[in-house]
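Colleague: Residue-level listing of the chains:
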Amino acid sequence: MKSRFLFPYWCRYLGLVLILVHIPIVMFKKDLGFDLHGTPPSSDLFNSHHLFFMTTTLLMAIGLFLVAFAKERIEDEQILQLRLDSLQWAIYVNYIVLVISLIFTNDTEHILFLNLLIPLVFFIIRFRWKIFRNNLLIKE
Amino acid sequence: MKNNIRVERAIKNITQADLADLVGVSRQTINTIESNKYVPSTVLALKIARVFGKPLEEVFILEEED
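Taken in sequence, the protein lines are chains S and U. Counting in the working numbering, the first sequence runs from 1 upward without gaps. Counting in the working numbering, the second sequence runs from 1 upward without gaps.
This is chain U alone, in the form it adopts within the complex (with noise of 0.2 Å):
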């Protein structure tokens, strides 16, 4: 699975700490989620989604190999 976290933070100008406690999360754990190597679980990637505004699908997307 890839995500374009990266991509909605710079679009809403926000750093991955700020995201962080948005989400209730620690900042290792944004970074692991960006960087493809901890695989959130639903509920922290619904609230991922819900605070850049999109759909989940916008967000996450599911790759070939999985």
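Chain S on its own, in the form it takes in the complex (with noise of 0.2 Å):
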């Protein structure tokens, strides 16, 4: 069976690069000179408080699509079953957490976050425990 649309499996490393430089950057945004969070923010496109969180995002997002999306080393039906039973699970929280946040919050710009980063991130936390459970059989 084929599965289509994944990246190489080098992939995997490049992102986990790409999320590991996005880390020290929102970290020393102060030092970097971008936490504007006193002045109010102009409302212009590509100022310079929308090109660091488009930035940052995006090295963020990319980063985490690629460690999601990459090949497995052997890349077989069970693999390709796993990665489906993930992202439905994925989809699923995502939306539960959707929901509850849309009904106790108006942060808009939180909730537009947190949508982006829970169905990645839960997809590769699920994906991997189960890789991880199928390793620890083997052993036993």
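Derived from the structure by calculation, the hints contain no laboratory data. Remember, it's a predicted structure, so these values are computed and weren't measured experimentally. Just to be clear, a hint being listed does not mean it is correct.
What the hints assert, rightly or not - Below, computed lysine-lysine pairings styled on DSBU-like, alpha-carbon distance capped at 35 Å:
#1 U/Lys12 to S/Lys71
#2 U/Lys54 to S/Lys139
#3 S/Lys130 to U/Lys54
#4 U/Lys47 to U/Lys2
#5 U/Lys54 to U/Lys37
#6 S/Lys71 to U/Lys54
#7 S/Lys130 to U/Lys12
#8 U/Lys37 to S/Lys130
#9 U/Lys2 to U/Lys12
#10 S/Lys139 to S/Lys71
#11 S/Lys71 to U/Lys37
#12 S/Lys71 to U/Lys47
#13 U/Lys2 to S/Lys130
#14 U/Lys37 to U/Lys2
#15 U/Lys37 to U/Lys12
#16 U/Lys47 to S/Lys139
#17 S/Lys139 to U/Lys12
#18 U/Lys37 to U/Lys47
#19 S/Lys139 to U/Lys37
#20 S/Lys71 to S/Lys130
#21 U/Lys47 to S/Lys130
#22 S/Lys71 to U/Lys2
#23 U/Lys54 to U/Lys2
#24 S/Lys139 to U/Lys2
#25 U/Lys54 to U/Lys12
#26 S/Lys71 to S/Lys29
#27 U/Lys47 to U/Lys12
Using the supplied hints, reconstruct the complex from the two chains, each of which is provided in its own coordinate frame.
Modeller: Structure representation (structure tokens):
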């Protein structure tokens, strides 16, 4: 069985590098002069705040995307099924969180952010956990 | 569905890794099929039966609850 639309195996490591690069940039954004919380943000598109937000979010999203959808070393039918299962779980969890956050908050920027992160992060965690469990079985 | 893969492997004297190589899947997949945790696709089941040179029904057996 051929699984289509997956990135080559090495893309997983590229994705991890992108995520790791993005973490210190976000952590030290104050030192980099991008902490604009106090000042009223200008409404122009492509101001420095917007550019910073866009770049870091894209770095992380592309990183997560590559990690989630890179091929396994041996991409067989069981892996394909685990992928599908995990994807279904991720969509369920995402929509549950989305509905809950829509009811209890009106902070749309963070809702958008959560909505961007949860499907990929939950997918990766669940998929890796299942593979880890299968690897444990083999050692028993 | 249960299966006789473990027995057939013993008869043919091959390991899980050997069988996995022969049918083009990972060792984990063969392991989960043997322990009835994963039901293979028809294509994979046919490939496994072909490795043992037996008809499908002798390797994979339907159970009451299936």
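Colleague: State for each hint whether it applies.
Modeller: Now the hints, each set against the structure:
Between U/Lys12 and S/Lys71 the alpha-carbon distance is near 32 Å, which keeps this suggested pair within the 35 Å criterion. For the hint pairing U/Lys54 with S/Lys139, the CA-to-CA distance comes to about 29 Å; that is within 35 Å, so the pair holds. Restraint check for S/Lys130 and U/Lys54: satisfied, since their Cα atoms lie roughly 32 Å apart, inside the 35 Å limit. Restraint check: the Cα-Cα separation between U/Lys47 and U/Lys2 comes to about 17 Å, which is no more than 35 Å; the hinted pair holds.
Proximity of U/Lys54 to U/Lys37 is assessed by CA-CA distance (about 22 Å); at most 35 Å being required, the pair is judged to hold. As the CA atoms of S/Lys71 and U/Lys54 are separated by approximately 33 Å, the hinted pair is consistent with the 35 Å bound. Taking the CA atoms of S/Lys130 and U/Lys12, the gap is near 30 Å; set against the 35 Å cutoff, the hint holds. Among the hinted pairs, U/Lys37 with S/Lys130 is consistent with the structure: their alpha-carbon atoms are about 12 Å apart, no more than 35 Å.
In summary, the hint linking U/Lys2 to U/Lys12 is supported, as the alpha carbons are separated by about 19 Å, within the 35 Å threshold. Between S/Lys139 and S/Lys71 the alpha-carbon distance is near 23 Å, which keeps this suggested pair within the 35 Å criterion. For the hint pairing S/Lys71 with U/Lys37, the CA-to-CA distance comes to about 23 Å; that is within 35 Å, so the pair holds. Proximity of S/Lys71 to U/Lys47 is assessed by CA-CA distance (about 23 Å); at most 35 Å being required, the pair is judged to hold.
Distance restraint check for U/Lys2 and S/Lys130: the Cα-Cα separation of roughly 22 Å lies within the 35 Å cut-off, and the hinted pair is therefore satisfied. For the proposed pair U/Lys37 and U/Lys2, the alpha carbon gap of about 10 Å is at most 35 Å, so the pair holds. Among the hinted pairs, U/Lys37 with U/Lys12 is consistent with the structure: their alpha-carbon atoms are about 23 Å apart, no more than 35 Å. Simply put, U/Lys47 and S/Lys139 have alpha-carbon atoms about 25 Å apart, close enough for the 35 Å limit, and the pair holds.
Taking the CA atoms of S/Lys139 and U/Lys12, the gap is about 22 Å. The hint holds against a cut of 35 Å. Of the pairs offered as hints, the one joining U/Lys37 and U/Lys47 holds, with about 19 Å between alpha carbons and a cut-off of 35 Å not exceeded. Note on S/Lys139 and U/Lys37: the hinted pairing holds, with a Cα-Cα distance of about 15 Å set against a maximum of 35 Å. Taking the CA atoms of S/Lys71 and S/Lys130, the gap is about 15 Å. The hint holds against a cut of 35 Å.
A distance of roughly 25 Å separates the Cα atoms of U/Lys47 and S/Lys130; the hinted pair therefore holds under the 35 Å criterion. Under the criterion of a C-alpha separation no larger than 35 Å, the hint pairing S/Lys71 with U/Lys2 is consistent with the structure, at around 30 Å. As the CA atoms of U/Lys54 and U/Lys2 are separated by approximately 16 Å, the hinted pair is consistent with the 35 Å bound. Distance hint between S/Lys139 and U/Lys2 is fulfilled; the C-alpha atoms sit about 22 Å from each other, no more than 35 Å.
Distance hint between U/Lys54 and U/Lys12 is fulfilled; the C-alpha atoms sit about 12 Å from each other, no more than 35 Å. At most 35 Å may separate the alpha-carbon atoms for a hinted pair to count; S/Lys71 and S/Lys29 meet this at roughly 33 Å. Of the supplied pair hints, the one linking U/Lys47 and U/Lys12 holds, its CA atoms being roughly 15 Å apart against a limit of 35 Å.
Figure legend: structure checked against the earlier numbered hints; every hint is met.
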